[in-house]
Amino acid sequence: MIAAFTLDRRQVLLGGGALIVGFSLRGAAAQEAASPAKRPGSLATTPYLDSWIRIDADGRITVFTGKAELGQGIKTALQQIAAEELDVSFEAVELVTADTKRTANEGYTSGSHSMQDSGTAIRHAAAQARELLIAQAAQRLNQPADSLRAENGAVIAPDGTRLGYGELIAADILHVEAQPSSKLKDPASFKVMGRPIPRVDIPAKVTGGAAYVQDMRLPGMLHARIVRPPSYGATLTDVDGAAIEKMPGVVKVVRNGNFLAVVAEKEFQAIKAMLALAAAAKWQEHPQLPAERGVRELLTNLPSRDMTILNVSDPSVSGLRSIEATYTRPYQAHGSIGPSCAVAQLVDGAMTVWSHTQGVYPDRQAIAEMLQLASDSVRVIHVEGSGCYGHNGADDAAADAALIASLIPGRPIRVQWMREQEHAWEPFGPAMLTQAKASLDAEGRIADWHFEVWSNTHSMRPGGAGCLLAAQHKAEPVAEPAPKPLPLPEGGGDRNAIPIYAFPNAKVVHHFISQMPLRISAMRSLGAYHNVFSIESFMDELAALAGKDPVEFRLAHLKDQRARDVVQKAAEAFGWAQDQKPPAGRGYGFAFARYKNLAAYCAIASEIEVISDTGRARLVRAVAAVDAGQIVNPNGLINQIEGAIVQSSSWTLYESVTFDDTRITSIDWQTYPILRFSAVPDTIDVHLIDRPGEPFLGSGETAQGPAAASIANAVTNAIGKRLRDLPLTRQRIRAAIEA
Amino acid sequence: MMSLKINGQDHQVDAEPDTPLLYVLRDDIKLNAAKYGCGLGQCGACTVIVDGNAVFSCVTPILLLKDKEITTLEGLGTIEKPAPIQRAFMAEQSAQCGYCIPGMMMRAQALLQRNPNPTDQQIRAELAPHLCRCGTHMRILRAVHRAAEMMTRADAGDQGGTL
Numbered sequence: 001m002i003a004a005f006t007l008d009r010r011q012v013l014l015g016g017g018a019l020i021v022g023f024s025l026r027g028a029a030a031q032e033a034a035s036p037a038k039r040p041g042s043l044a045t046t047p048y049l050d051s052w053i054r055i056d057a058d059g060r061i062t063v064f065t066g067k068a069e070l071g072q073g074i075k076t077a078l079q080q081i082a083a084e085e086l087d088v089s090f091e092a093v094e095l096v097t098a099d100t101k102r103t104a105n106e107g108y109t110s111g112s113h114s115m116q117d118s119g120t121a122i123r124h125a126a127a128q129a130r131e132l133l134i135a136q137a138a139q140r141l142n143q144p145a146d147s148l149r150a151e152n153g154a155v156i157a158p159d160g161t162r163l164g165y166g167e168l169i170a171a172d173i174l175h176v177e178a179q180p181s182s183k184l185k186d187p188a189s190f191k192v193m194g195r196p197i198p199r200v201d202i203p204a205k206v207t208g209g210a211a212y213v214q215d216m217r218l219p220g221m222l223h224a225r226i227v228r229p230p231s232y233g234a235t236l237t238d239v240d241g242a243a244i245e246k247m248p249g250v251v252k253v254v255r256n257g258n259f260l261a262v263v264a265e266k267e268f269q270a271i272k273a274m275l276a277l278a279a280a281a282k283w284q285e286h287p288q289l290p291a292e293r294g295v296r297e298l299l300t301n302l303p304s305r306d307m308t309i310l311n312v313s314d315p316s317v318s319g320l321r322s323i324e325a326t327y328t329r330p331y332q333a334h335g336s337i338g339p340s341c342a343v344a345q346l347v348d349g350a351m352t353v354w355s356h357t358q359g360v361y362p363d364r365q366a367i368a369e370m371l372q373l374a375s376d377s378v379r380v381i382h383v384e385g386s387g388c389y390g391h392n393g394a395d396d397a398a399a400d401a402a403l404i405a406s407l408i409p410g411r412p413i414r415v416q417w418m419r420e421q422e423h424a425w426e427p428f429g430p431a432m433l434t435q436a437k438a439s440l441d442a443e444g445r446i447a448d449w450h451f452e453v454w455s456n457t458h459s460m461r462p463g464g465a466g467c468l469l470a471a472q473h474k475a476e477p478v479a480e481p482a483p484k485p486l487p488l489p490e491g492g493g494d495r496n497a498i499p500i501y502a503f504p505n506a507k508v509v510h511h512f513i514s515q516m517p518l519r520i521s522a523m524r525s526l527g528a529y530h531n532v533f534s535i536e537s538f539m540d541e542l543a544a545l546a547g548k549d550p551v552e553f554r555l556a557h558l559k560d561q562r563a564r565d566v567v568q569k570a571a572e573a574f575g576w577a578q579d580q581k582p583p584a585g586r587g588y589g590f591a592f593a594r595y596k597n598l599a600a601y602c603a604i605a606s607e608i609e610v611i612s613d614t615g616r617a618r619l620v621r622a623v624a625a626v627d628a629g630q631i632v633n634p635n636g637l638i639n640q641i642e643g644a645i646v647q648s649s650s651w652t653l654y655e656s657v658t659f660d661d662t663r664i665t666s667i668d669w670q671t672y673p674i675l676r677f678s679a680v681p682d683t684i685d686v687h688l689i690d691r692p693g694e695p696f697l698g699s700g701e702t703a704q705g706p707a708a709a710s711i712a713n714a715v716t717n718a719i720g721k722r723l724r725d726l727p728l729t730r731q732r733i734r735a736a737i738e739a
Numbered sequence: 740m741m742s743l744k745i746n747g748q749d750h751q752v753d754a755e756p757d758t759p760l761l762y763v764l765r766d767d768i769k770l771n772a773a774k775y776g777c778g779l780g781q782c783g784a785c786t787v788i789v790d791g792n793a794v795f796s797c798v799t800p801i802l803l804l805k806d807k808e809i810t811t812l813e814g815l816g817t818i819e820k821p822a823p824i825q826r827a828f829m830a831e832q833s834a835q836c837g838y839c840i841p842g843m844m845m846r847a848q849a850l851l852q853r854n855p856n857p858t859d860q861q862i863r864a865e866l867a868p869h870l871c872r873c874g875t876h877m878r879i880l881r882a883v884h885r886a887a888e889m890m891t892r893a894d895a896g897d898q899g900g901t902l
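Protein chains in written order, with my numbering: chain A, 1 to 739; chain B, 740 to 902.
Bear in mind the hints are in silico, worked out from the structure with no lab data behind them. We treat Cβ as the ideally placed atom computed from N, Cα and C, and that holds for glycine. Each hint should be verified, as a subset may be incorrect.
Which chain A residues face chain B? A few, computed with CB under 10 Å, are given here [unchecked claim]:
id: 1; residue: P196
id: 2; residue: D201
id: 3; residue: P203
id: 4; residue: T207
id: 5; residue: D215
id: 6; residue: R217
id: 7; residue: H223
id: 8; residue: Q416
id: 9; residue: G636
id: 10; residue: I645
id: 11; residue: L675
Working from the sequences, and respecting the hints, build out all of it.
Right, dumping it as structure tokens:
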């Protein structure tokens, strides 16, 4: 991965002797003329095979993805897919990830889309490249193509004649648009896909290799630190940078409106100067945060645009007994362990930015707009950072570095945020409110269902420059664009608000709130976390009203066979029994969702321990069942689900952003506590249901909602009281026990 | 100038005495493993071993480290010749983003050096100062158990890092 740092652009464009040179970005235009049959995955927008795969005359294979490694293991999975369909060994493939000069524009690496978009594109491109090589060999050998086979990087004839891919590759044979369908390999013959191949990035990470943008050290690099305003909307009234510029190692104090930064030769010199500069800066602050209001009062008092997103009715069915409930979720933080970081360098008017952004192309456009450069004068190269779990400070740090680098031409500028900056300035996962009302018929089945969700948008990603802090803070600020609801079927605040269960009467309303008192954006699973928490809590409340077992009650409303399969698998593996009685102080809970109602299926059964004296709850045991379609790397998939359960348990039991009327007050791990080892479960078991031949279903976020709801349901099972406000803190649990 | 002994080598370091060890390791010695996470001793990402004890390098000024033996993850093994704990973390695939992992490994290494057979409870208690946001805790625990086994076995050097 570090090769990217020293990459010579000329070498790339010349292709080092490759027959396919440069990179085809004729996608958008080409698509207009394309056949009406949609190409699979991201081939729909970037159809040329050589945008994805390059084969050199010496047989070297390079595969390009527009998606980024975020620690989710995507590099390994994509390399497996390419190797499988090209019929080469895993090691024979070199993978290049998101880089605006080299890879396709696949937008953001988000929404559990990488396997569906890029994995599907690479699989089909590799299969089609293999068939083109076989056709080339058939022509060369004057033999029918169907008598030839591909194996280990060569096409082999019945008489044993072997033509390596490098020999077969000829100018432009991969410079063709993909066909809408491909001759994909039979899953039964897979050698690389479906296996737990060790992650390619882990050896460097556990031996001190240069694995992150934080580890970049370019010749002549300087270290910068930002002095952020103390609160949203604060204005810098006075600062004297002269004394700071005399401090050891300090190269420059940067002031541009409310954007204040210091640049030094060494990192700790930059930090010391930052502290001195922060002490010297005078700010005018504006109390504008809704400190006294709880989530419920806050969200119901902001104006909303109301959209009915589901309305089905069957007048022949009506309910007899009804209940209703309200659920809330606070603002929550991504809380990356490594504060955001970027390196930028301006050379001959061209800006290069190394960033852990999730979207190199959108970030390029935003940075170009901020610096008033042409977008082709900016190159953004993805380099891994600390895990992000959505839109954290990555894009902002990239903009900080680029803005500073634009003032110090030639010198690479490395910016890393401080812990308190990451906590105070990252865009949070938005607070949400849901109200559910439903009634049961005489048989105890749900007759009608009414669900409403109040939420901000769940993406303020760039976008334009106005989404970047540096652009908002500079002397001629760029206005933040108006927020928009994210369209269904994936949705934002309404993601997973439409129930997957079959109800004869159902209405779902999305109250989209455009005012954003706190800075917010995409956080892993968006609205699905709270909507699934709400729906699956309410399903348990309804099951209790009906006097039914929660698993049976769900199955009675679930038609989709794959959904039923994960529910049954999780229940069985957990040892769920209708007459189960947990030991004192323990509780069992169950929950299920299909992420976005179109990605991976996930059911989770949890066992919780509650210490009644303190109210402290701990997830003791979780059993998950997941169907993500065709599995590429089972160990990688299990790792994602395990991690999602642990992370969601932390969100669910501990986490909320705090603020007074002016400032964010949760600014480190003491004021924003998250799960520690003392609360880690005894066991987490993940059961995979493989679906050979089925499409890849995104799985990186599928467990967030079910984990939360299964924990909440287990807490209710343990203490006999229902908690509907996240997080389920020990104070709230204690209060519920005492009530 | 100050002399620091890092991974068995003496280094002359041109840094002010109040500089936390973390920045000397990263900026002067050009080592990657110790990470900046919080600068407050709250997350453990910067952990290294000093005279056998796990310490937060982000809050340890170098003036306290004269004549001390400082060991970073790089001092345990290399990508070509990984130490048992490194092989254990590879074998268990104990990372997602991996940013917190080197710090976890150093505290686990310090534990295993003084207690080669820790219980699961002892490992959990020892790792309490460390935060992981990806949720790889279960795998980290498995890797520390595996490392303990590897380090106590005579043939530890022959154990491969396969799944």
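Here is what the structure says about each hint:
{"no.": "1", "hint": "P196", "verdict": "holds, 5 Å"}
{"no.": "2", "hint": "D201", "verdict": "holds, 7 Å"}
{"no.": "3", "hint": "P203", "verdict": "holds, 5 Å"}
{"no.": "4", "hint": "T207", "verdict": "holds, 4 Å"}
{"no.": "5", "hint": "D215", "verdict": "holds, 4 Å"}
{"no.": "6", "hint": "R217", "verdict": "holds, 6 Å"}
{"no.": "7", "hint": "H223", "verdict": "holds, 8 Å"}
{"no.": "8", "hint": "Q416", "verdict": "holds, 7 Å"}
{"no.": "9", "hint": "G636", "verdict": "holds, 8 Å"}
{"no.": "10", "hint": "I645", "verdict": "holds, 7 Å"}
{"no.": "11", "hint": "L675", "verdict": "holds, 8 Å"}
Of the numbered hints stated above, none is contradicted by the structure.
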